[in-house]
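Enquirer: Top line first, the protein sequences correspond to chains Y and A.
For what it's worth, this note's numbering labels the leading residue of the first sequence as 272, then goes sequentially.
For what it's worth, this note's numbering labels the leading residue of the second sequence as 56, then goes sequentially.
Check the hints yourself; a few may be wrong.
Every beta carbon over 12 Å from chain Y, so not counted as near; a handful from chain A, in silico [claimed, not checked]: (1) Ser63; (2) Ala70; (3) Val87; (4) Gly175; (5) Arg186; (6) Asn209; (7) Phe213; (8) Ser231; (9) Arg246; (10) Phe249; (11) Ala294; (12) Val317.
No farther apart than 25 Å at their CA atoms in a straight line, the calculated lysine to aspartate or glutamate pairs in the DMTMM-like style are these [claimed, not checked]: (13) Y/Lys365 / A/Asp295; (14) Y/Lys365 / Y/Glu452; (15) Y/Lys365 / A/Asp245; (16) A/Lys253 / A/Glu242; (17) Y/Lys365 / A/Asp280; (18) A/Lys255 / Y/Glu366.
Keep in mind the hints are simulated off the structure, nothing from the lab.
We treat Cβ as the ideally placed atom computed from N, Cα and C, and that holds for glycine.
Single-letter residue listing:
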Amino acid sequence: MTGEALVLQVMTGLSRAAVLFIVASGLSLVFGAMRIVNIAHGSFYMVGAFVAVTVAGWLGGVVGFVGALLVVPLVVAALGGLIEVGALRRLYGKEHLLQLLATFAFLLIVSDVVRFIYGERPQSLRAPPLLSGATRFGDVFFPRYSLFLMAAAVVIGLGLWLLLSRTGLGRDIRAAVSDPEMLGMVGVNVSRLFTVVFALGAGLAGLGGVLAGPQTTILLGMDIDIIVESFAVVIIGGLGSLVGTAVGAVLVGVTFALGITFIPSAALAIVFVVMVAVLVWRPYGLFGIPQEA
Amino acid sequence: MRRRLTASTGWAIAALVALLAPLLLNERQMFVLMSIVILAVFATSYNVLLGYTGMVSFAHAAYYGIGAYAVTLAWVHLGWSPLAGFLLAPVAAGAIGYVTGLVALRATRLYFSLLTLAIGQLLFLVAFQWRGLTRGDDGIFGMQLPLLLQPATNRYYFLLALAAIALAILSVAMRSPFGATLRAIRENRDRAGFLGIKVKRYELAAFTLGTAFAGWAGGMYAFFDRGSFPLLLDWTTSADPIFTTLIGGLNSFAGPVIGAVVLGLLRDFVTRNFLYFNVVLGTVLLAIILFMPGGIVEGVRRLAAVGGPGRRRTQPEQPADREQPAAAGTRSKS
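Just need the whole structure built from these sequences, with the hints factored in.
Expert: In structure tokens:
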């Protein structure tokens, strides 16, 4: 294999890592602040991708994609907020298993609703011309959309970091990560905070769905695929850690892309081997903090 | 005492219905019944982990699939009769369960669950990708059953007998001091440790026992479908016993069996009339989680407590009085 092809493979891995980071950061955030393992997180990603197709279809052209990018995360965040207020809220303080199973129930419901509305046919979303094609650096042509995805992940990552470290909301979220009960005692409206966090997490998954749209086939079952990969990311990185999620996403994305090149049939298996190895070595992930979960 | 009696009556009626059902049912319905019997064993084996020990595993389907493949692979590669292959099913699943359990139990609680997800998917990918051994995605089908087992009715009685044996063994195990120790671990893992119980060792034993009987159920599936395919091992298949147990009730031995009957009939009814089964299942689950977290068993107990005299002691907020009405009658089933 030539060096050029290898660089391209790594680029593919990094652009997948970018999407994984955006989706998994939402998963990690929800777990960190609320202690909920949200199995329906992949459903938000899938809904994001499908609704983006609809919105882009309505608006048409370049405006369509940009419009979807702006509108869809809000729609998906609203859906997340609705689920939190309607169902999850009633389960706080009960067994974790019930919360986990409730999100599993939503995974089932959402998958059938999407199937009802969009049918079994695969959909596609086109990136605007500005982001299609390739840009040349030296001797290598880089696909522009991959570069765009990486830039988007960096922007989202910085945004989340600023949100968590510089705002009142971020302070409350960090407090919830370390001790939600105490947070309620000092007068923070924990109930509203949880709604916001869950909506934010869902919105990130929805955004990931829109961004991944032009690079993947938008198809039923993409919810299950992304949730397994996102779990791998947050487990390797450590649940609740933003830096860990970034490292985990790069590790999973690049490992998978290189795996596909060299041993295609075992690519996904290698990801899981890495996951098992990391957990056996560090049971809380690379950047996770030991805690009661 | 009274509860014991009710439970044995319940099991006796269930056994009678199960034995007489073939007289009334057509062939399609016989296959529904067989799938229910298999699901009952699969879910009960899972409840050893979930309800008795408090472990949430996402890998349970992997051992179920291993059980099915043990039968079909022994048939394809070694030329074994399925009956001989069936003996291999719980052994293979239990052995792999023991080894992977050693790895998974490096972590606890949530991280244990997530580790089982990785291990289960790894096992799924082996079945999916190792074409030389498993024929990959195509699966292995068309296994020749012994002549006697080819009619649906005979196959049903065979599977029913296998289910009865499995349930009898598990019920004895769960009523033994071993089962009591597992419940102590579920109630309070730390305190059980302080009492001198070697928690990890018991958890590993429960994991191995559960996976061995998941393999048993998988072996039954190989007879049912005369084959096996990779999706049997996928983590989404692990949802089946979880949902079954949830519907029936986590805190009793009979819960998963009742859940299997309800889920099996519901699935058959809905899929024949309506294209979207998942939305129905999801809604049912959500309703149970929100309004009846103890499942059907708990719901019935609550009704009985309201209706019957002199049983005022029910506190709905407590997740079931942890007593287990199991079993006295399981023997009557075999």
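Enquirer: In ascending order, which of the hints set out earlier in this document are inconsistent with the structure?
Expert: Numbers 4, 5, 11 and 17, in rising order.
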